[in-house]
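Based on the provided sequences and hints, a complete structural model is requested.
If you're matching them up, the sequences are chains X and C in order. The numbering of the first sequence is our numbering, which starts it at 1 and goes up by one. The numbering of the second sequence is our numbering, which starts it at 157 and goes up by one.
It should be emphasised that the hints constitute simulated quantities derived from the structure, not laboratory data. By construction, the Cβ of each residue, glycine as well, lies at the ideal position given by its N, Cα and C atoms. You can trust all of the hints, since none of them are fake.
Below are the EDC-like pairs computed for lysine to aspartate or glutamate, each with C-alpha atoms no more than 16 Å apart in a straight line:
#1 C:K407 x X:D142
#2 C:K386 x C:E158
#3 C:K290 x X:D136
#4 C:K406 x X:D142
#5 C:K406 x C:D432
#6 C:K531 x C:D567
#7 C:K518 x C:D528
#8 C:K518 x X:E93
#9 C:K407 x C:D479
#10 C:K518 x C:D567
#11 C:K406 x C:D480
#12 X:K46 x X:E58
If the Cβ cut is set under 7 Å, some of the chain C residues that face chain X in the computed set are:
#13 F248
#14 G341
#15 S402
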Amino acid sequence: MEMLSDEIKSEIQCGTGACPTRRCAILEALEIVQRRHGWVSDERLKAVADFLNLTVEEVDGVATFYNRIFRRPVGRHVILVCDSVSCWIMGFENILVHITKRLGIGFGETTPDGRFTLLPIQCLGACEQAPAIMIDGTLHGDLTPDKIDEILKGYE
Amino acid sequence: MERPLTNHIDKGREPLNLAEYERVGGYKALRESLTSLTQENILQLVKDSNLRGRGGAGFPTGLKWSSMPSSSNSPRPRYVIVDADEMEPGAFKDRILIEGNPHQLIEGMIICAYVVDSEIGYIFIRSEYTLAAKRLKRAIAEAYEKGYLGFNILGSGFNFELRLHISSGRYICGEGTALTNSLEGNRAVPRHKTPRQTESGLWGMPTLLNNVETLCNIPHIVDKGAEWFKSLSKCKDGGTKIFGVSGKVKKPGAWELPMGTTIREILEEHAGGMRDGVRFRGVLPGGGSTEFLVEQHLDVQMDYDSVQKAGSRFGTGTMIALDDHTCPVGMVHNLESFFARESCGWCTPCREGLPWTARILKAIEDGRGEPDDLKVLESHTKLLGPGRTFCALAPGAMEPLQSALKFFREDFERHITDKRCPWR
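Pasting the structure below:
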């Protein structure tokens, strides 16, 4: 099977048009792959490197630096739990304990049914509604354990 | 009291679209800039306004803009970048400004680009600011359609392309040179301070970096003048400021207030004071990488110089309150763990020193602290202090630690002698 579909390649081409070097397309290319496949496998990373005419090391060095490029499979929904200071003061630990109890996973883990992956995130910039989490790009603030149960029901 | 930045922000509704923004005076300053003001006129206005950068360092904005080399003898293209990568623990002001009024930022950016003769701009935004990015995208498209962006803007001959870059995420991207590396598709490690980015920044070209809130002020300064801007403030720095408070206060939130408002007024009047049952112990006045201030500092004015004189840093102006039901050792441990995780790993003191600091704090918090630990922590505040590391991340990380060791020392000592955290 072709590791990068023509569709993905043409999308990356679009990206490269806006920047003067092949290198600056790395993150955009990886994000495009990730949007399509959920994460960036070794094979697809190599395909991106080949496509951009860069080495695997150059691309992986960048991929592994950033939070939002997943180099391991993730669940259908990614829960980002803000563990920074304002959320910590407002009870981040209770939130984490509750989610862990409900889903049976800790940070860096995925539920066996592939529904959720749990990750920490630096300050979500939602300090006035701490504690806060983000699921698939949607912010949920002023959390309590009861609220979390309600919120999780919305993600299948 | 005037609130130019938030006057048209209503959290309960969608932000103003382009036509609505124009109806309340939006893009008037841009039109005036391009049709009747010279670049020098506007630069002088910004200098006279005493506007200082709102990202944390407080560098005078007019001076920063004038450090861009003259366009006749420097390479092109010239870039302007706005740092919308807000990740400082406790900071959420730029999100409010972008979500609330994206056109205000875009207008400020176009005027800035015009003044420094830049043809390409980037808004560098963190990926978790999904709503802000969505609203910016729409606003940028509207501005292109109306001819405020693109080729020959308002018939002036000035061209400006604006691109939205959604970051792949790391706190260090907030460091100006690391941000540039990230835009170029590199690991976001900082660069040498010289040559300055204004000489050689993005792809080696002249590059000017500003914070979101800084640029949001520009249309108002052009529109109403430097004297008006200075009159908004209670100190010599011009303008208003978005102040925020988080922690166990009655009404956590953000408010646009005169620069130089006291910490007491912000905490007690606007944030409603501490919640019932808890007492105030201290505050990080400008975000996670600033030094604690305590009761005796409550009447300090929130402006760059006053906060510095009190022994801390103005930073982002978004404060985090510490109460008497929260363990100061635990709080500092949380902060140092954050900075240890976010260290880019480029220089040794930061890469090795921050995790060590975090481990010692964890041991103290868990009741495994040794009497010597406080000395080791103190030595770290020196070893990772200003001048010892490649960038400002580790020195910033040491600020809450060193001030906590000063103001909450007996709490640290009690953890060690009692072999447990008194708050747990």
